[in-house]
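With the sequences and hints as input, model every part of the structure.
Chain by chain, the residues:
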Amino acid sequence: MARILLFASIKDRAGTGRIDVPLTAPTPLRAVLAKAAAAAGIEEGILSRGCALFAVNQETVPLDHLVNDGDEVALLPPMSGGR
Amino acid sequence: MAGFTDEQIYRYSRHIILPEVGGVGQQKLLAARVLCLGAGGLGSPILQYLAAAGVGTIGVLDFDVVDMSNLQRQVIHSYDRLGVPKAESARQFINKLNPDVNVEVINERLTATNVMDIFGRYDMVVDGSDNFPTRYLVNDACVMLGKPNIHGSIFRFDGQVTVFKPKEGPCYRCLYPEPPPPGMVPSCQEAGVLGVLAGVVGCLQAVEVIKQILGTGDALVGKLLMYNALKTEFRKLNLRRDKDCPVCGDNPTVTALIDYEQFCGVGGH
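So the sequence lines, in the order shown, correspond to chains A and B. Residue numbers for the first sequence, in this note's numbering: 1 to 83. Residue numbers for the second sequence, in this note's numbering: 84 to 352.
Hint data in this document are derived by calculation from the structure and do not stem from the laboratory. Owing to the predicted nature of the structure, the values given are computational and were not obtained by experimental measurement. Some hints here could point you the wrong way.
[Unchecked claim] If we take Cβ atoms under 10 Å as the criterion, some of the chain A residues that face chain B in the derived model are: (1) 12; (2) 13; (3) 55; (4) 58; (5) 77; (6) 80.
Just so it is clear, CB atoms sit at the ideal spot from N, CA and C, and this is done for glycine as well.
What follows is the structure, encoded as structure tokens:
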């Protein structure tokens, strides 16, 4: 199981702060996000558009990074604050 | 102690007795020149604590005026200063707290035309601004000028803080190479924000500014500190500089400031 954690405006748009994704083999992050969107019943673009910062186990990674069972994946969108 | 008045020794005594600060550190604070972008939600705690710490010169850049809805979180302003330019209101607050501080009021909108000149006058920039075009403008100017950029941002109950330090860590574009499509990230006015969250994040920024000035502690360079107020969770992510970053990478392609409103797809902000 990979734990996908959503923050800020992505959490708002997805309607949830956490999605668990079962993994049987190391999987590219891009594909994990697609599985996460399907598991949560949301449009896949919500997780990958709007330029989130992706971090696996507290390290930032690109979208082709291989995610393993037990990994924590954080999606952090930019925030500007203000007004 | 050389270089201090008796009043300063007394005022800053709680700093001076700290081994990591001492008289030497307090002198560094008094000699420092820090530019604070925004005298709003993040700017308020930043300005409060930098002024209290005796940062000798603080530039306050804000072109807005104090509004009632600000008072939910912008704690350096006051009910009797509604309608006053925020940078001026900030100056009044700081002068009452610490007359050692020389406040430079910059009652202007930051643009590609004035940024290099303004930033050039300070040692570092602490960013409490409230829109994406400014974030990118600030980033690019700081990279080009080699100035540390102490970044903070908030959304509802989530906040983040990091220090973008040229040559030592990533820049904002390494994290977010493209701005979000317009409308994808609501502002505080649209989405709301827990007022005190601005206090927490702004204070964390002020800590990083002080550590940069003193040259002590572990700076949040190459690290993003995330805070969620509802879950009371702190998280630290390790960031990497992007070697191919168009602004701070090994072969930069953006070597001059651009039109940031256009870059962010917003017209006439």
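A quick look at each hint next to the structure:
no., hint, in the structure
1, 12, "holds (7 Å)"
2, 13, "holds (8 Å)"
3, 55, "holds (5 Å)"
4, 58, "holds (5 Å)"
5, 77, "holds (6 Å)"
6, 80, "holds (5 Å)"
Checked against the numbered hints given earlier, the structure satisfies every one of them.
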